[in-house]
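Q: Going by this note's numbering, the sequence shown runs without a break in its numbering and finishes at 183.
A couple of the hints might just be wrong.
What the hints assert, rightly or not - Cβ pair distances, simulated, as ranges:
hint, residue 1, residue 2, range
1, D33, Y61, 38 to 46 Å
2, R46, T25, 51 to 59 Å
3, R75, Q125, 45 to 53 Å
4, F32, Q137, 20 to 28 Å
5, D134, L173, 21 to 29 Å
6, A57, K108, 53 to 61 Å
7, D124, K162, 24 to 32 Å
8, A30, L144, 53 to 61 Å
9, P94, E136, 12 to 20 Å
10, D33, A57, 45 to 53 Å
11, W112, K165, 38 to 46 Å
12, E68, I18, 56 to 64 Å
13, K162, M15, 20 to 28 Å
Honestly, the hints are just simulated from the structure, not real lab data. Positions of the beta carbon are idealized from the N, C-alpha and C atoms, including for glycine.
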Amino acid sequence: MEWIGAVIVLTVTTWAGFDIASRFQKRPGHIRQWKNALQMIEAEMVYGQASLWEVCESLSRHLPKPIHLFFQGVVDTDEPVHDFSTLWSAQLKKHWPWNSLGKSEWEILDQFGRTLGQHDLEQQQKQIQLTIHHLDRELHEAIEAGDKYQKMARGMGVLSGLLVIILII
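All chains should be modelled from the sequences, with the hints used to inform the complete structure.
A: Structure representation (structure tokens):
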């Protein structure tokens, strides 16, 4: 019976370590997807003269998971919208657990949502470029952190399981 418990403990801690490592691995890809989304917003608004709703609808069809779910949530909202920034923040909060992004990316995207649709096209384009610049900085940090911590997270999962097993036995 002890051995079955030991195997279960080792499996769970190893799985947890690999899950943490996969978040480090997915984070740069999710940042790239948000950058792509911002570039598409810029193109649709500035060059296509599309409204925010049309842009969100287009993005919900063209972007991969998990980001398309965010824009689909913006489009499919049932409540009347008086302030787009409130809707943006609510959808960001609702869909955030499906991302592998950190608190700094949350703040960048939330701040961007507060400015979206509040300015003329030229100012909006500057806001988009500023947000992309901030996400570039976060992308470089995410790549460095991923290289540094992925193997460590996997190893810590296995080793913490072995430690718990040794302490139990």
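Q: Does each hint fit the structure? Answer for all of them.
A: Cross-check of the supplied hints:
| no. | hint | verdict |
| --- | --- | --- |
| 1 | D33 - Y61: 38 to 46 Å | holds (41 Å) |
| 2 | R46 - T25: 51 to 59 Å | violated (32 Å) |
| 3 | R75 - Q125: 45 to 53 Å | violated (26 Å) |
| 4 | F32 - Q137: 20 to 28 Å | violated (44 Å) |
| 5 | D134 - L173: 21 to 29 Å | violated (56 Å) |
| 6 | A57 - K108: 53 to 61 Å | violated (26 Å) |
| 7 | D124 - K162: 24 to 32 Å | holds (27 Å) |
| 8 | A30 - L144: 53 to 61 Å | violated (37 Å) |
| 9 | P94 - E136: 12 to 20 Å | violated (30 Å) |
| 10 | D33 - A57: 45 to 53 Å | violated (36 Å) |
| 11 | W112 - K165: 38 to 46 Å | violated (25 Å) |
| 12 | E68 - I18: 56 to 64 Å | holds (57 Å) |
| 13 | K162 - M15: 20 to 28 Å | violated (40 Å) |
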